[in-house]
Amino acid sequence: MNITKNFFIALKQITIGSKKYYFWLAFLSFFILLGLSAYFDQLNRGLITTAMRDQVSWGLYISNFTFLVGVAAAAVYLVIPAYVYNFKPIKEIALFGEMVAITAITMCILFIIVDMGQPSRVWHLLPVIGAMNFPSSLLAWDVIVLNGYLVLNAIIVFYVLYRLSLGKEYRMSVVWPLIIISIPLAVSIHTVTAFIYNGLPARPFWNASIVAPRFLGSAFCSGPAIMLILFQIIRKLSDVDIEDRAIFKIAELIAYAMGVNLFLLGAEVFKEFYSGSIHSVPIKYLYFGLHGKTAFVSWIWFATLLNITAFFLFLFPKTRQNFMTLNMGCVFIIMGIYIEKGMGLIVPGFIPDTLGEIYEYSPTMQEIIITIGIWAVGAMLYTLLLKFALPVYTGRLRFGIKAKGVVARDIMTAKPVTISPDETAEEIGKLLISRSISGVPVVNSDNMVIGLVSESDIIFKAIQEEPYFVEKVGELILPDEERRKKLGNTAKELMTSPAITAFEDTPLEELNKTITNRKIKRIIIVDKEGHPVGIVSRADILKTLESKIRK
Amino acid sequence: MKRLRDLSEIKLDRRTLLKGAALGLAGTALPLNKADASFWEAFFQKHFREMGKEDLKKVIERLEREYEKKYKKAIRIHNHPAMPGVLFGYGLDLSRCIGCRRCVYACFKENNPSRDPQIHLITVLRFKKGDKWVDLENSEKYYSPQQVPEPGYFYMPVQCQQCENPPCVKVCPTQATWKEPDGIVVIDYNWCIGCRYCMAACPYGARRFNWAEPSIPPDEMTTETHYLGNRPRYKGVVEKCTFCIQRTRIGKYPACLEACPVGARKFGNLLDPNSEIRYAIENKRVFRLKEDLNTYPKFYYFFAYGR
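Residue numbers (our numbering), protein chains in the order written: chain A, 1 to 551; chain B, 552 to 858.
Just so you know, the hints here were simulated from the structure itself, not pulled from any lab data. A couple of the hints might just be wrong.
To give a feel for the contact side, a few chain A residues facing chain B, derived at Cβ under 10 Å [stated by the list, open to error]: (1) 54; (2) 57; (3) 120; (4) 122; (5) 124; (6) 199; (7) 202; (8) 281; (9) 349; (10) 353; (11) 356; (12) 358.
We put the CB at the ideal spot given by N, CA and C, even for glycine.
Turn these sequences into a full structure, and let the hints steer you where they fit.
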C-alpha cells in the first residue's frame, strides 16, 4: 500500500536531525529511564513508595492528571477561532494544538496507570471485556471521553497530514464533522473530570458546583499558555512561520479565560469564608493552615499571586504584545494553574479527612521522579510528532503523483525574486511595482520559503483593523499613543505563511485545483530542499490553457 | 545506581510478571509452558459475579493453592451466599463504649489484614464532652492514655457503615465493589484495579488500601475465610469491614461484637422484628453518621442510657 509506504517514509523523518535534536532526545530518554526505574520499584514494593496514605489517597499523580486534562481540552481554544470563525492565522497552526491534545491525553493515561494499585487489571475498566461501571461511575465516563478525544484528535491530525502529504487540501466535508464533535468533547473531558471530584458529597471541598466551570476557566488559561510557548519554540527551530497575530490573539483569549477563572475563584472564596460552615475547613487549611498545619499556605498564595499578575500582563495589549512580558505571563500561568488546580485542588479534598484527621501530604522523591519521567515522555512524544508532521506541513515532503503532460516546470516563471523577512513594506511595494509582479516569496537565511507577500497583504495591512474588545478596554484604562501603532511593517509580519508551494513536477491540473480551492493568486515552486525555483501565477495558467484551446 | 540493582532483584513471581506484561516490558519472560498456566488464569480471572459455579470452584482451588504457597499454611475459602430474608444491621451504644479498642484488635485478628504496614478496619475516635457534638475535626484518633475511659471524653468506633446507598459502589469504575443481598458491601480483591476512587467517595473513612504487599505471619492467620471477606488481600487493592461476612453468614456474631467488654455492640437482622438491633432502633435514641448525605447507613449509634 502506498499509504503505509509513505507513512514509513514520513516516519523515518524522526530519525533524522541535528546534533541538538539527538541531544534533546537523549536528555529526555535519561529522565524517562529514571522514571521507569522508579516505577519498577513502585510496582515491586507497592504504592507505599509514595507519600499517599489512606487519609490522602490521591496525590501528585492525580494532580498532574487533572492539570493535563485541562491542557488537552484547551486545543479547542485554537479549533474554535480556526474552524468556526475561520481566523486564518490560527487555522494554520490548529494542527499543533491538536498535537498538544494528543500528547496531554497520553500523559493523562500514563498518570492514571502509575496511580493504579493493579495496573495489569486496567482492562477491567473496559466495556464488554471488562466490567465498566457505566453510567454510574464518572471514571467510566472519563475513560470514554478521554479516549474518544484522543482518537478524534489523532484522526484529524493524521488525516490533515495525509492530505497535505499528497499536496492536497483536506476535505472540509471530512474535517468539519470531526471538528464539530471535538468541540463539545473537549468541554466534556474537562467537565467529566471535574465531576469525578464534584460528585463526592464526602469531600465538601470538591462538592461545589463551581468546580466544573473553574476547571474550564483555568484550563483555557494553562493550555493555551503552554501552546504559546511551544509555538514560539516551533517557529524558532523550524521553517514554520507562526504569525504574531495568531499568538497575540491567543494571548487575548487567555486574558478572558483568566478573568473568568479569577472571578470564579473569588465567588468560591466568598461563599466558603463568608458562610463559614464546617465545610469550609479544607479551604481554610489551604489558604491559612489548620491546627498549625500549613504545608500548602505559601504555595497557594504564590499561585494566586502568579495568576493575578499574569491576568494583568495579558489584559493590556502593551504587555501581551511584548514577547518578554508575554512569556513571563505564560510561565506564571502555567505555574500558577499547575499549583492551584493540581495539588491545590486534589490534596485539600482529603484534608482534613472524612473523620477529621489532618495528614499533611508532600510527595516523595519516587513520586517526583516518576512524574518527571511522564513529562519527559510527553515532551518526547510531542517532539516526535512535530518531527513527523513538520516536513509534511511545510511542504518539504510530498508524495505527488507522477506527472503526465504539462507540469509546473513547463509554465513557471523561473528564478523568482525573493526577499528577506526584514524587508519593509515600502521596499516591497517598490519592488513589486518596479518588477511589475504581484507577489514575492519570503525566504529565510537558508533560502527556504517561509511565506509570501502579495499586493493585497500590503493593502490589507494599510487598513487599520478594528481593535479587539480587550484592547478597547485597555484603551480606556491605559491611554497610550504607542498602542495604536500598527503591529509591524516588515515582510515577516506582512506575509501569508506558510506559503502554498508545489514541486516542479506537480501537474498543471493539481496547480489549477490548488489555486481555485485555496483562492490564491500564485504558487511558489520549490525544489526538494524547499528553495524557491519558480512561481506559477494565475496568468501563467491562463496562458497555458489558452494555448491548449488554440491547438 | 541503587535503583538499577533493585530492578534486578525483582523476583519473577506471578504478580511481578503480571505487571511486567502490562508494561510490555517482560515480553521475553512471559510464561508459556504449562507450569505457568495459572499466570494466565489469574490474569483472565473473571469478575466474581460473572463466574459460574464451576468457574468459581476452579478459581477458589487455585487461590487456595496460591495462598498456601505464599503463607505456608492451608487456607480455606468459603463462599456462603447471603441468607434469604436477612438484612444485616449494626448498633453501637455510645453510652457504653469505653474506647478500649478491643474491637479493633479482635477485628485485626479475625480478618487477616496486613501486619506491616498495619491495617485496621475500625477507627475509634475520642471526643471531648460538652463540646460541639460529633465534631470530627476536633476528634482524636491516636489517643493513648494509661487507662480508659478518660474523664471528660466519650468514644465512637467507626467502621464501614454498610450504607444502603453506598457512594463507594456508585463510583467504582469496574464494579469491583457492590452491595450483597444481605446489605453487606463487599469487594472482589481480584477485580479491584486499585484506583482508590471509592476511598475518595466514602464519607466514613472506612476503606483501606494495601499500599504494600500485605504481610501476615502464618501463625496469626485465620484459616477459615470467605471469598468476599477475610481471605488474604493483595498489594494494590482496597479492603474494608464486611461485618465479618465469613462469620455472620453462618450465624455467628462479628468478631468486634464478641470482643466488646461492655456490650456496646449489637448486631442482627433488620428484617426480623424481634431482633436486638430492631429493638434498639425502635426504643433508643438512634442516629446515623452524616445523615445529611443520604447514604442510609445500616450502622446505628444510640444511647441505651443517658450520662
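Consistency of the hints with the structure:
Interface hint at residue 54 (chain A): satisfied, since its Cβ lies 6 Å from the closest Cβ of chain B, which is below the 10 Å cut-off. With its C-beta approaching chain B no nearer than about 4 Å, residue 57 (chain A) sits inside the 10 Å limit, and its interface hint holds. Restraint check, residue 120 (chain A) versus chain B: the minimum CB separation of about 4 Å is within 10 Å; hint holds. At about 6 Å, the closest approach between the beta carbon of residue 122 (chain A) and any beta carbon in chain B falls short of 10 Å, and the interface hint on this residue holds.
Interface hint at residue 124 (chain A): satisfied, since its Cβ lies 4 Å from the closest Cβ of chain B, which is below the 10 Å cut-off. Proximity of residue 199 (chain A) to chain B holds as hinted, the smallest CB-CB distance being about 8 Å (cut-off 10 Å). Checking residue 202 (chain A) against chain B by beta carbon gives a least distance of about 4 Å; that is within 10 Å, so the hint holds. Because the beta carbon of residue 281 (chain A) sits about 6 Å from the nearest beta carbon in chain B, less than 10 Å, this interface hint is met.
The closest approach between the C-beta of residue 349 (chain A) and any C-beta of chain B is roughly 7 Å, which is under the 10 Å cut-off, so the hint is satisfied. For residue 353 (chain A), the suggested interface contact is upheld, since its CB lies about 6 Å from the closest CB of chain B, less than 10 Å. A cut of 10 Å between beta carbons decides the hint on residue 356 (chain A): the least distance to chain B is about 3 Å, and the hint holds. Nearest Cβ of chain B to the Cβ of residue 358 (chain A): about 9 Å, under the 10 Å cut. The hint holds.
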